[in-house]
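My request is simple: use the sequences and hints to build the entire structure.
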Amino acid sequence: MQYAMKEDLLGILVYEQSISAVCQLDWPKNRFLVQVLDDSDVESLQNLIRNEVFSWKQKGVNIIYRHRFIRTGYKAGNLQSAMGCDYVKDYEFVAIFDSDFQPNPDFLKLTIPHFKGNPEVGLVQAHWSFVNKGENLIARLQNVNLCFHFEVERQFNGMFINFFGFNGTAGVWRIKALEESGGWFERTTVEDMDIAVRAHLNGWKFIFLNDVRVLCELPESYEAYKKQQHRWHSGPMQLFRLCLPAILTSKIPMWKKANMIFLFFLLRKLILPFYSFTLFCVILPLAMFIPEAELPLWVVCYVPVFMSFLNVLPSPKSFPFLIPYLLFENTMSGTKFNAMVSGLFQLGSGYSVINSGVMKDCEMPFFARHILSSL
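With the numbering used here, the residue at position 198 of the sequence shown is 198, and numbering never jumps.
Just so you know, the hints here were simulated from the structure itself, not pulled from any lab data. Yeah, the Cβ is synthetic: ideal placement off N, Cα and C, and Gly gets one too. A hint or two may mislead.
Restricting the straight-line Cα-Cα distance to at most 20 Å, the calculated cross-link-like pairs of lysine to any residue (SDA-like) are [as the list claims (entries may be wrong)]: (1) Lys133 / Lys57; (2) Lys226 / Asn338; (3) Lys59 / Asn118; (4) Lys205 / Thr335; (5) Lys226 / Asn118; (6) Lys57 / Gln80.
Restraint ranges, calculated between C-beta atoms of paired labels, are given here [what the hints assert, rightly or not]: (7) Ile70 / Asn136: 33 to 41 Å; (8) Lys257 / Glu180: 32 to 40 Å; (9) Tyr275 / Pro105: 42 to 50 Å; (10) Ala287 / Asp211: 44 to 52 Å; (11) Asn47 / Trp232: 41 to 49 Å; (12) Ala258 / Leu137: 53 to 61 Å; (13) Gly117 / Trp255: 52 to 60 Å; (14) Ile271 / Phe54: 30 to 38 Å; (15) Phe54 / Trp255: 51 to 59 Å; (16) Asp90 / Arg241: 51 to 59 Å; (17) Leu286 / Phe160: 33 to 41 Å.
If you want it as structure tokens, here you go:
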């Protein structure tokens, strides 16, 4: 009972802080609309969120509460339903935040100007900043991976290729780009990556802003993190299987096709998880039980440590956790490989995550929020 009460209080605190942050964005009120998209199934929570929205409406904020009675398609269905509202046609851009994200007041002033004079830009993505990265060891080790993801992968792809997977939140889309790319699809567990791939195939460019940070929270339990990683690794493989024909037949340059297939999908989403699983869960255990199988030191030690060292570089304060990080990645390699295989071959376990309610984004999002604004 105490645990349930604690979780309810945390949920209330999260949505209050998030709605407050969005409603205080520094932007002309007559060119600004907030949609609160509540897909929760708890009536008491719905009433609390509805009351919070009403209190901000009383303060003069142009804000709307939306709750779907038929909640199909999870987050993708919720987003697509919201974008179908008649008033959306009056706006040019949509900023998306999950329920545990709290943008700074200057978020729109730092992102919207990047669309001016750049009609080919469809997405501006901000950097996630984790308020609980030092809460426990699980959070610290997640921070290592995500720092590398944003500081290295996102910056490189945004600077040299103008393409990366949308992170699902803390980003601003040009509504025209969403519409021309077909909107939000419900076919995979990674609707954010899906729309990014289709937009890129339609010629839209993306910008990543490393200096624009949006506060959010990391999963603090191993179970929540494990479920999140299952979705993050099965979803891309589902998407790769579905999108490969479209990539091959698209009109984008050949080098962009190669980048999308081999670097974006295969290397990061398939080859590296396969390598980690094979090394840690197959080769090393066999070497322990079969003395005749002598492995070079670089296979057993140098390569894993070097790869872990590279991942830790963007977050220097995490160097004391290099060994725990290596062991943690060893532990997670089986989960990631299983998710990858189930997504690639459309196995039941790849979809059971959706049906079990994990699409709540690690137990946090009671709703997703949009800000629609025009230049």
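Hints and how they fare:
1. Between Lys133 and Lys57 the CA atoms are separated by roughly 34 Å; this puts the pair beyond 20 Å, and the hint is violated.
2. Restraint check for Lys226 and Asn338: satisfied, since their Cα atoms lie roughly 12 Å apart, inside the 20 Å limit.
3. Note on Lys59 and Asn118: the hinted pairing is violated, with a Cα-Cα distance of about 35 Å set against a maximum of 20 Å.
4. About 33 Å separates the Cα atoms of Lys205 and Thr335, which puts this hinted pair outside 20 Å; it is violated.
5. Of the supplied pair hints, the one linking Lys226 and Asn118 is violated, its CA atoms being roughly 39 Å apart against a limit of 20 Å.
6. At most 20 Å may separate the alpha-carbon atoms for a hinted pair to count; Lys57 and Gln80 exceed this at roughly 24 Å.
7. Checking the proposed 33 to 41 Å range against Ile70 and Asn136 shows it holds: the Cβ atoms sit about 38 Å from each other.
8. In this structure the hint that Lys257 and Glu180 lie 32 to 40 Å apart at CB is violated, the actual value being about 19 Å.
9. The given range of 42 to 50 Å is respected by Tyr275 and Pro105, whose C-beta atoms sit roughly 44 Å from each other.
10. Checked against the hint of 44 to 52 Å, the pair Ala287 and Asp211 passes, with Cβ atoms roughly 46 Å apart.
11. In this structure the hint that Asn47 and Trp232 lie 41 to 49 Å apart at CB is violated, the actual value being about 33 Å.
12. Between Ala258 and Leu137 the Cβ separation comes to about 39 Å, which falls outside the hinted range of 53 to 61 Å.
13. Between Gly117 and Trp255 the CB atoms are about 26 Å apart, so this pair departs from the stated range of 52 to 60 Å.
14. Distance hint check for Ile271 and Phe54: the Cβ-Cβ separation is about 51 Å, which falls outside the suggested range of 30 to 38 Å.
15. With their beta carbons about 52 Å apart, Phe54 and Trp255 fall inside the hinted range of 51 to 59 Å.
16. A hinted range of 51 to 59 Å is violated for the C-beta pair Asp90 and Arg241, which are about 38 Å apart.
17. The supplied range of 33 to 41 Å is met by Leu286 and Phe160, whose beta-carbon atoms lie about 40 Å from each other.
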